[in-house]
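**Q** One letter stands for each residue in the lines below.
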Amino acid sequence: MNIAVLQFPGSNCDQDAFHLFASGLGLATRYVWHKETSLGQADLVVVPGGFSYGDYLRCGAIARFSPVMRALRAHAEGGGLVLGICNGFQILCEAGLLPGALIRNSSLEYRCMTCELAVGDAGPSFNTRTLGARVRLPIGHGEGNYRIDEEGMARLEERGQVILRYVDNPNGSLGDVAGIRSESGNVFGMMPHPDRAFERFHPSQDGLAVARAVLMAGSRVGTGAAS
Amino acid sequence: MKRPALPPNPDPVLNQPITPDLVRKHGLLPQEYEQVCAHLDRAPSLTELGIFSVMWSEHCSYKNTRPLLKGFPTEKRGATAAFGRVLVKAGEENAGIIDVGDGWAIAFKIESHNHPSAIEPFEGAATGVGGIIRDIFTMGARPVLLTNSLRFGELDSPVTRRLLRGVVAGIAHYGNCVGVPTVAGDVYFDRSYEGNPLVNALCLGTLRHDQIRRGKATGLGNPVYYVGAATGRDGLGGAAFASKELSAESAADRPAVQKGDPFMEKLLIEACLEMMAVPGLVVGIQDMGAAGLTCSTCETASRGGSGIEIELDRVPQRESAMNSYEIMLSESQERMLVIVQKGREREIEEVFEKWDLHAAHVGQVTDTGRMVVTQHGIVVADIPASVLTDSAPVYQREARRPAYLDATSRWTALGAGLADLDLVGARDALPRLLSHPTIASKRWIYRQYDHMVQHGTVVLPGSDAGVVRLRLGSSEKFIAISNDCNGRYCYLNPRRGALIAMVECLRNLVCSGATPLAMTDNLNFGNPYKPENFYQLRECVAGLAEACTFFDVPVVGGNVSLYNESPEGAIDPTPTVSVVGFIEKEEHVTRQFARRAGERLVLLGGAPSELGGSQFLGVVRGLKTGDAPEVNLGAEKRLQDLLLDQIRSGRVRAAHDLSEGGLLVALAEMLFGENELGADVDLAGLAAPRLDALLYGESQGRVIACVAAEDEDALVAAARAGAVPADSLGSVRGDGMLSVSTPGGRLEWGVRELRTRWESSIENAMKRPGLG
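Going down the list, the sequences are from chains A and B. The first sequence begins at 1 in the working numbering and counts up by one. The second sequence begins at 228 in the working numbering and counts up by one.
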């Protein structure tokens, strides 16, 4: 398994994502600079958290135009796995690789805390059988309030695309949505940070199982890929 | 022989003669101006006067505090060759550096941004964070954690609420975006800070010994680069009069407080660290803080024993027609000065191009000893660099013991006829104290800070100290950090109050399983020209120095912020200290929370017996009086040695020191962990002349240790052997009740109710609107 972690100017959880896969899961992991036009060999591309380009305009609104995004789109359209965490989720929504948008938290404040999350029945690898009914993951965002039109929400629900829901909604997200997957099942986005839940001293180690569930969704790489 | 005057400045408004009024408005005394003329051997130009006013200000020159600061120990006596050694001492560079072994080191420093935060809390606090981060990566270190120390008036004031909201949002905005976790802090609310909040920010970074960089300009002909944001007229607030008089534009259009750009800072961190990683490329580097271009050029030249020449036309500017005065005194943020090895210009430019940043070649290193500034081909300033950095006048100000101390230091509860608590009063006081914002949970604040980014935070905010895992090459190390200063104690007894700030900070570290390494301080005081204020300053510094010397904890840097006054008078003296400690093994990391029913609680240090300066007196009795609690350094050391030893032996599972609110507050706080616990405690056997002092007094040198039942006897025996008083208090229970037997009868509270009061107090207060 090869993991590629994108780096935009302003990414600041790139090391966290790197270590989740490299140290936590022992997988071959490398960084890909946003000016690259090729991803190289990658089974999973992680779009990490942070404040790409400062996010002064709208989260992810500038990052979506970075050169590497063309390669990312091709990767996703070819069925390759993509995981967007926090700012990465925002970027994937801005780029149209995931539906919906993330706006400011209803409190209008940044929130850093550990959240209880209900696992959605969202496909063969990401479900309550593989992950249990609940996972605990930290969040750290000011704009994690998920929005989508009524029709879009109905589609998400109908197709089981909601992968994680807040048990105690910290940001006003519609339908308590904390994370979703694409209809095709290979693109994942979540506001919570599996990359802050894998070390012994972290609030939980559930990030490892969540990362494995994403890896196992890759039909091209088989279901037993992660150990 | 008198030197000739400089040629006329390209901007005619700068050619006006220097009048006594202009000198005064630049904050220089007539005799200081005489010294300027003597050093230059001619009258200064207006640009030069501006440069002197900044470099000879208290902020840059420490002219009123330098003699006092000499009492601080700057090296560790007991340092082994490899560990705890001071690699860069206080005052040498932008931040001090301590050896943490295996070729690795940490750089850390605290700095204030009080006045900007009082005017514009969001930007003031944000740029405070930005400035201290630059001080750290300038040294070659990667910033890995932030803490802050905040002081506000009481939250019943709408102005205070506006300030708190703005300061917290500003710190969050900056720290969260640059991706450095804010892992700890301390916040006090007291009327003395009304209108003059304190915002002290600390940053700590890690680096290898061979990565240490100096702010030195050396090597004749080496090019000087300016990197980062363009220079604007922002931050000229301190010299706003000049802008008004000198320019046709309205000064009102300009922000008096600088505006921060954390994204630019993040790019600068990465680009600078990448540039510094290229062997031999960077000769010297310094951030542009206060009066950025002025300070960074003359300081690097002075440290390097060289000279420096810069051309202002090459300085990136974001406003048109800026004159030399404005460019030299601008405090625009996110700018750095870099001296590069000659012939390797292309290498630095390539690094900055990668990050879409501009590196401007603005000058070169000379051997003249002078700082020479030109604009449009004309010399606009020509000053010996060392005169600016080392020749500022130094004053021993007059000190006078404040008159109020006569009354407060003699006050006793008995003498004042203060009735002791009855059982009802004793029961009511606990929730009142727990919900006072100084004691209450700071969750409303720290949940707005990203305290987990970089995935190394081991102990989250809300325990005695923040603990972070450092990834150093292939190895891991654990460090703890804690800030402290109870201004109320310092008001009532400046020397002892400062001593307490230090010993409590050390105690917090020890409670978390850490050996203290080194300290950085932020001296926040009123106007030093008032003898009473200077007395407080002098005594507090003496107290800190005494504690640092006694515990062999060197001071590796800090900051002085004077003139913290509001119309009602000076703030309580606030010598904030922050100490970094080292935790040998991960399993020694200790939190303040009891973990399960059946654990035993042991009070180390003896029964509290003093009321002076306590939060109880303030919150419940409305008094700010009495003497600060006594400090016995020997007893404190015995306690800390014992505790550390017992933590390392695995016996002590949780520890919490008695501080604001005393014994019962500490007990309650130990029950506010993840599990819903209670405790059954018997205090009837403790010697207690007064119930209020036993339950809520703030006698120093006390810790409650939590141990498994089978370890209790061993802990008590070890305490006896170490000459530390130990009293078995009782057990942790699983029923969510806190029951306390006192000499006057039994007290009982539901822990959940106490916790709600403690946890929601600031949150509820902040639901009310802010004003101002």
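Keep in mind that the hints are not guaranteed to be accurate.
Claimed, not checked - Which chain B residues face chain A? A few, computed with CB under 10 Å, are given here:
#, residue
1, Val395
2, Val407
3, Met491
4, Glu546
5, Trp582
6, Asp609
7, Val680
8, Ser702
9, Phe777
10, Lys812
11, Glu813
What the hints assert, rightly or not - With a straight-line cut-off of 30 Å between C-alpha atoms, the simulated DSS-like cross-links for lysine-lysine are:
#, chain 1, residue 1, chain 2, residue 2
12, B, Lys669, B, Lys704
13, A, Lys35, B, Lys486
14, A, Lys35, B, Lys669
Claimed, not checked - Example chain B residues on the side facing chain A (calculated, C-beta under 10 Å, incomplete):
#, residue
15, Leu314
16, Tyr676
17, Glu811
18, His815
19, Val816
20, Phe820
21, Asn991
For the record, the hints were derived by calculation from the structure and aren't laboratory data. We put the CB at the ideal spot given by N, CA and C, even for glycine.
**Q** Each of the hints needs a verdict: does it hold here or not?
**A** To see whether the hints hold, each was checked on the structure:
1. Val395: Constraint on Val395 (chain B) satisfied, holds at 9 Å.
2. Val407: Holds, about 8 Å.
3. Met491: This hint holds: Met491 (chain B) lies near chain A, its Cβ roughly 8 Å from the closest one there, short of 10 Å.
4. Glu546: 20 Å, violated
5. Trp582: Holds, because the Cβ-Cβ distance from Trp582 (chain B) to chain A comes to roughly 7 Å (cut-off 10 Å).
6. Asp609: Violated, about 39 Å.
7. Val680: Since chain A brings a Cβ to about 6 Å from Val680 (chain B), closer than 10 Å, the hint holds.
8. Ser702: Violated: closest Cβ of chain A sits about 13 Å from Ser702 (chain B), beyond 10 Å.
9. Phe777: 33 Å, violated
10. Lys812: It is violated, given that the least Cβ distance between Lys812 (chain B) and chain A is near 12 Å, above 10 Å.
11. Glu813: 7 Å, holds
12. B:Lys669 <-> B:Lys704: Distance ~27 Å between Lys669 (chain B) and Lys704 (chain B) Cα, so the pair holds.
13. A:Lys35 <-> B:Lys486: Answer holds: Lys35 (chain A) to Lys486 (chain B) is near 29 Å, not above 30 Å.
14. A:Lys35 <-> B:Lys669: Violated, at roughly 41 Å.
15. Leu314: 25 Å, violated
16. Tyr676: 6 Å, holds
17. Glu811: 15 Å, violated
18. His815: 12 Å, violated
19. Val816: With a closest approach of 7 Å, the Val816 (chain B) hint holds.
20. Phe820: 14 Å, violated
21. Asn991: Cβ of Asn991 (chain B) sits 14 Å from chain A, so the hint is violated.
In summary, the structure is inconsistent with hints 4, 6, 8, 9, 10, 14, 15, 17, 18, 20, 21 from the numbered list given earlier, while agreeing with the others.
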